[in-house]
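Engineer: Sequence:
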Amino acid sequence: FDLDIRAVGIVYYVMKENGIAISIQQLAKENDVSASRSSKFVKKAARHLGKPWLLHQISISSWTERICYDLKADRHFTYDARRVAEHLNYYLEQYDYTYTRTYLGASIYISSIIRQKAGMQGYTQRQIADALGIVDVSLRSSFRKILSVMGISKKQLLTMTIDEFISGIRND
34 FDLDIRAVGI VYYVMKENGI AISIQQLAKE NDVSASRSSK FVKKAARHLG KPWLLHQISI
94 SSWTERICYD LKADRHFTYD ARRVAEHLNY YLEQYDYTYT RTYLGASIYI SSIIRQKAGM
154 QGYTQRQIAD ALGIVDVSLR SSFRKILSVM GISKKQLLTM TIDEFISGIR ND
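Counting in the working numbering, the final residue of the sequence shown is number 205, and the numbers go up one at a time with none missing.
Because the hints were derived from the structure by calculation, they are not lab data.
Be careful, since some hints might not be right.
Unchecked claim - In silico BS3-like cross-links for lysine-lysine, where the CA-CA straight-line distance does not exceed 30 Å:
(1) Lys62 <-> Lys73
(2) Lys105 <-> Lys187
(3) Lys150 <-> Lys105
(4) Lys187 <-> Lys150
(5) Lys62 <-> Lys76
(6) Lys76 <-> Lys105
(7) Lys77 <-> Lys105
(8) Lys188 <-> Lys76
(9) Lys73 <-> Lys105
(10) Lys84 <-> Lys73
(11) Lys105 <-> Lys178
(12) Lys62 <-> Lys77
(13) Lys187 <-> Lys73
(14) Lys62 <-> Lys84
(15) Lys188 <-> Lys178
Stated by the list, open to error - Ranges between beta-carbon positions, derived for each pair:
(16) Gln154 <-> Glu197: 12 to 22 Å
(17) Thr192 <-> Tyr128: 35 to 45 Å
(18) Lys187 <-> Gly83: 38 to 48 Å
(19) Thr133 <-> Met153: 18 to 28 Å
(20) Lys62 <-> Lys187: 32 to 42 Å
C-beta atoms are modelled at their ideal positions from N, C-alpha and C, and glycine is treated no differently.
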(Lines of atoms letter the chains of each structure in order from A and count residues from 1; the text may use other names and numbers.)
(Lines give C-alpha, C1' and ligand atoms only; values in the text may rest on other atoms or scores of the structure.)
Protein backbone atom coordinates (compact mmCIF):
# COMPACT_ATOMS: atom_id res chain seq x y z
CA PHE A 1 0.00 0.00 0.00
CA ASP A 2 1.19 3.49 -0.85
CA LEU A 3 2.09 5.90 1.93
CA ASP A 4 -0.95 8.13 1.19
CA ILE A 5 -3.33 5.17 1.47
CA ARG A 6 -1.72 4.01 4.71
CA ALA A 7 -1.90 7.53 6.15
CA VAL A 8 -5.63 7.84 5.35
CA GLY A 9 -6.25 4.38 6.80
CA ILE A 10 -4.42 5.18 10.04
CA VAL A 11 -6.15 8.54 10.44
CA TYR A 12 -9.53 6.88 9.84
CA TYR A 13 -8.78 4.13 12.36
CA VAL A 14 -7.70 6.63 15.05
CA MET A 15 -10.74 8.82 14.41
CA LYS A 16 -13.07 5.79 14.65
CA GLU A 17 -11.35 4.70 17.85
CA ASN A 18 -11.97 8.15 19.35
CA GLY A 19 -15.62 8.27 18.24
CA ILE A 20 -15.21 11.04 15.66
CA ALA A 21 -17.86 11.05 12.95
CA ILE A 22 -16.19 10.58 9.56
CA SER A 23 -16.34 8.12 6.68
CA ILE A 24 -13.46 6.52 4.82
CA GLN A 25 -14.94 7.87 1.58
CA GLN A 26 -14.81 11.43 2.90
CA LEU A 27 -11.20 11.10 4.10
CA ALA A 28 -10.10 9.45 0.87
CA LYS A 29 -11.77 12.13 -1.24
CA GLU A 30 -10.19 14.96 0.79
CA ASN A 31 -6.76 13.36 0.40
CA ASP A 32 -7.19 12.34 -3.25
CA VAL A 33 -6.63 8.59 -2.72
CA SER A 34 -8.66 5.51 -3.54
CA ALA A 35 -11.41 4.90 -0.99
CA SER A 36 -11.49 1.16 -1.72
CA ARG A 37 -7.72 0.75 -1.29
CA SER A 38 -7.80 2.82 1.91
CA SER A 39 -10.67 0.69 3.17
CA LYS A 40 -8.76 -2.51 2.43
CA PHE A 41 -5.74 -1.20 4.29
CA VAL A 42 -7.69 -0.08 7.36
CA LYS A 43 -9.48 -3.45 7.54
CA LYS A 44 -6.14 -5.23 7.45
CA ALA A 45 -4.70 -2.89 10.09
CA ALA A 46 -7.74 -3.30 12.36
CA ARG A 47 -7.46 -7.10 12.14
CA HIS A 48 -3.75 -6.88 12.94
CA LEU A 49 -4.45 -4.62 15.95
CA GLY A 50 -7.16 -7.02 17.16
CA LYS A 51 -10.09 -4.62 16.79
CA PRO A 52 -11.85 -5.40 13.51
CA TRP A 53 -15.24 -4.72 15.15
CA LEU A 54 -14.23 -1.07 15.62
CA LEU A 55 -14.83 -0.34 11.94
CA HIS A 56 -18.45 -1.51 12.18
CA GLN A 57 -19.40 0.72 15.08
CA ILE A 58 -21.04 4.08 14.68
CA SER A 59 -20.64 6.82 17.26
CA ILE A 60 -24.29 7.81 17.50
CA SER A 61 -23.81 10.96 19.51
CA SER A 62 -21.03 12.43 17.36
CA TRP A 63 -22.71 11.44 14.06
CA THR A 64 -26.00 12.96 15.20
CA GLU A 65 -24.23 16.16 16.25
CA ARG A 66 -22.41 16.31 12.92
CA ILE A 67 -25.51 15.75 10.79
CA CYS A 68 -27.56 18.25 12.78
CA TYR A 69 -24.73 20.76 12.41
CA ASP A 70 -24.70 20.16 8.65
CA LEU A 71 -28.49 20.68 8.61
CA LYS A 72 -28.01 23.91 10.60
CA ALA A 73 -30.44 22.55 13.19
CA ASP A 74 -31.00 24.33 16.47
CA ARG A 75 -29.86 22.78 19.76
CA HIS A 76 -33.38 21.60 20.65
CA PHE A 77 -33.69 19.62 17.42
CA THR A 78 -30.20 18.19 17.94
CA TYR A 79 -31.10 17.16 21.49
CA ASP A 80 -34.31 15.44 20.36
CA ALA A 81 -32.58 13.75 17.41
CA ARG A 82 -29.82 12.42 19.65
CA ARG A 83 -32.35 11.04 22.16
CA VAL A 84 -34.33 9.27 19.42
CA ALA A 85 -31.15 7.92 17.76
CA GLU A 86 -29.80 6.53 21.04
CA HIS A 87 -33.17 4.98 21.88
CA LEU A 88 -33.48 3.34 18.46
CA ASN A 89 -29.90 2.05 18.63
CA TYR A 90 -30.71 0.34 21.93
CA TYR A 91 -34.04 -0.94 20.58
CA LEU A 92 -32.63 -2.30 17.31
CA GLU A 93 -29.70 -3.98 19.08
CA GLN A 94 -32.23 -6.17 20.87
CA TYR A 95 -33.33 -7.49 17.45
CA ASP A 96 -29.73 -7.96 16.23
CA TYR A 97 -29.82 -5.07 13.77
CA THR A 98 -26.57 -3.27 13.13
CA TYR A 99 -27.16 0.46 13.58
CA THR A 100 -25.87 2.05 10.39
CA ARG A 101 -25.93 5.57 8.99
CA THR A 102 -29.19 4.80 7.19
CA TYR A 103 -30.81 3.94 10.54
CA LEU A 104 -29.33 7.13 11.97
CA GLY A 105 -30.91 9.06 9.09
CA ALA A 106 -34.24 7.38 9.76
CA SER A 107 -33.91 8.28 13.45
CA ILE A 108 -33.32 11.93 12.61
CA TYR A 109 -36.25 11.80 10.20
CA ILE A 110 -38.51 10.38 12.92
CA SER A 111 -37.49 13.28 15.18
CA SER A 112 -38.23 15.65 12.34
CA ILE A 113 -41.70 14.21 11.69
CA ILE A 114 -42.68 14.40 15.35
CA ARG A 115 -41.35 17.94 15.74
CA GLN A 116 -42.95 19.21 12.51
CA LYS A 117 -46.32 17.91 13.67
CA ALA A 118 -45.90 20.06 16.77
CA GLY A 119 -45.08 23.10 14.60
CA MET A 120 -41.33 23.01 15.26
CA GLN A 121 -38.32 22.83 12.97
CA GLY A 122 -38.02 19.75 10.76
CA TYR A 123 -36.25 18.42 7.67
CA THR A 124 -37.11 16.38 4.61
CA GLN A 125 -35.78 12.93 3.84
CA ARG A 126 -33.70 14.40 1.02
CA GLN A 127 -32.07 17.02 3.28
CA ILE A 128 -31.17 14.40 5.89
CA ALA A 129 -29.92 11.91 3.29
CA ASP A 130 -27.76 14.57 1.63
CA ALA A 131 -26.24 15.58 4.98
CA LEU A 132 -25.44 11.91 5.71
CA GLY A 133 -24.14 11.16 2.24
CA ILE A 134 -26.68 8.38 1.66
CA VAL A 135 -29.49 7.87 -0.83
CA ASP A 136 -32.94 8.95 0.32
CA VAL A 137 -34.37 5.59 -0.80
CA SER A 138 -32.12 3.89 1.79
CA LEU A 139 -33.35 6.28 4.45
CA ARG A 140 -36.98 5.52 3.53
CA SER A 141 -36.31 1.79 3.62
CA SER A 142 -34.71 2.03 7.08
CA PHE A 143 -37.58 4.24 8.26
CA ARG A 144 -40.14 1.63 7.20
CA LYS A 145 -38.08 -1.16 8.80
CA ILE A 146 -37.91 0.73 12.12
CA LEU A 147 -41.67 1.31 12.11
CA SER A 148 -42.24 -2.36 11.29
CA VAL A 149 -39.94 -3.62 14.06
CA MET A 150 -41.54 -1.25 16.57
CA GLY A 151 -45.03 -2.23 15.42
CA ILE A 152 -46.23 1.30 14.76
CA SER A 153 -47.51 3.11 11.70
CA LYS A 154 -46.60 6.54 10.40
CA LYS A 155 -50.11 7.63 11.34
CA GLN A 156 -49.47 6.61 14.97
CA LEU A 157 -46.09 8.34 14.87
CA LEU A 158 -47.81 11.60 13.96
CA THR A 159 -49.81 11.50 17.20
CA MET A 160 -46.75 11.13 19.48
CA THR A 161 -44.34 13.45 21.19
CA ILE A 162 -40.63 12.65 21.39
CA ASP A 163 -41.04 11.60 25.03
CA GLU A 164 -43.95 9.30 24.21
CA PHE A 165 -42.01 7.71 21.35
CA ILE A 166 -38.97 7.05 23.54
CA SER A 167 -40.94 5.78 26.54
CA GLY A 168 -42.99 3.41 24.36
CA ILE A 169 -46.38 5.05 24.81
CA ARG A 170 -48.56 4.21 21.82
CA ASN A 171 -51.70 6.16 20.95
CA ASP A 172 -54.01 3.96 18.90
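Engineer: Hey, lysine 150 versus lysine 105, does the alpha-carbon distance stay inside 30 Å?
Structural biologist: Status holds; Cα separation ~20 Å.
Engineer: Is the straight-line distance between the alpha-carbon of lysine 105 and that of lysine 178 30 Å or less?
Structural biologist: holds (27 Å)
Engineer: Is the distance from the Cβ of glutamine 154 to the Cβ of glutamate 197 consistent with 12 to 22 Å?
Structural biologist: holds (19 Å)
Engineer: Need the status of pair lysine 76, lysine 105: alpha-carbon distance at most 30 Å?
Structural biologist: Between lysine 76 and lysine 105 the Cα gap is close to 33 Å, so the pair fails against 30 Å, i.e. violated.
Engineer: Quickly compare the C-alpha distance for lysine 187 and lysine 150 to 30 Å and report which way the hint goes.
Structural biologist: Roughly 12 Å between the alpha carbons, so the hint for lysine 187 and lysine 150 holds.
Engineer: Taken at face value, is the distance from the CA of lysine 76 to the CA of lysine 62 at most 30 Å?
Structural biologist: holds (18 Å)
Engineer: Next pair to validate is lysine 105 with lysine 187; report whether the Cα-Cα distance is within 30 Å.
Structural biologist: Distance ~25 Å between lysine 105 and lysine 187 Cα, so the pair holds.
Engineer: Starting from lysine 62, check that the Cα of lysine 73 is at most 30 Å away, please.
Structural biologist: Holds. Lysine 62 to lysine 73 sits at ~15 Å (cutoff 30 Å).
Engineer: Next pair to validate is lysine 84 with lysine 73; report whether the Cα-Cα distance is within 30 Å.
Structural biologist: Holds, at about 15 Å.
Engineer: Checking one constraint from the list: CA of lysine 62 to CA of lysine 77, max 30 Å. Satisfied?
Structural biologist: Roughly 20 Å separates the two Cα atoms, so the pair holds.
Engineer: Hint check: lysine 77 vs lysine 105, CA-CA at most 30 Å. Holds or violated?
Structural biologist: This hinted pair is violated, its Cα atoms lying about 37 Å apart.
Engineer: Does lysine 73 lie within 30 Å of lysine 187 when you go C-alpha to C-alpha?
Structural biologist: violated (40 Å)
Checked against the numbered hints given earlier, this structure breaks hints 6, 7, 8, 9, 13 and 17; the rest are met.
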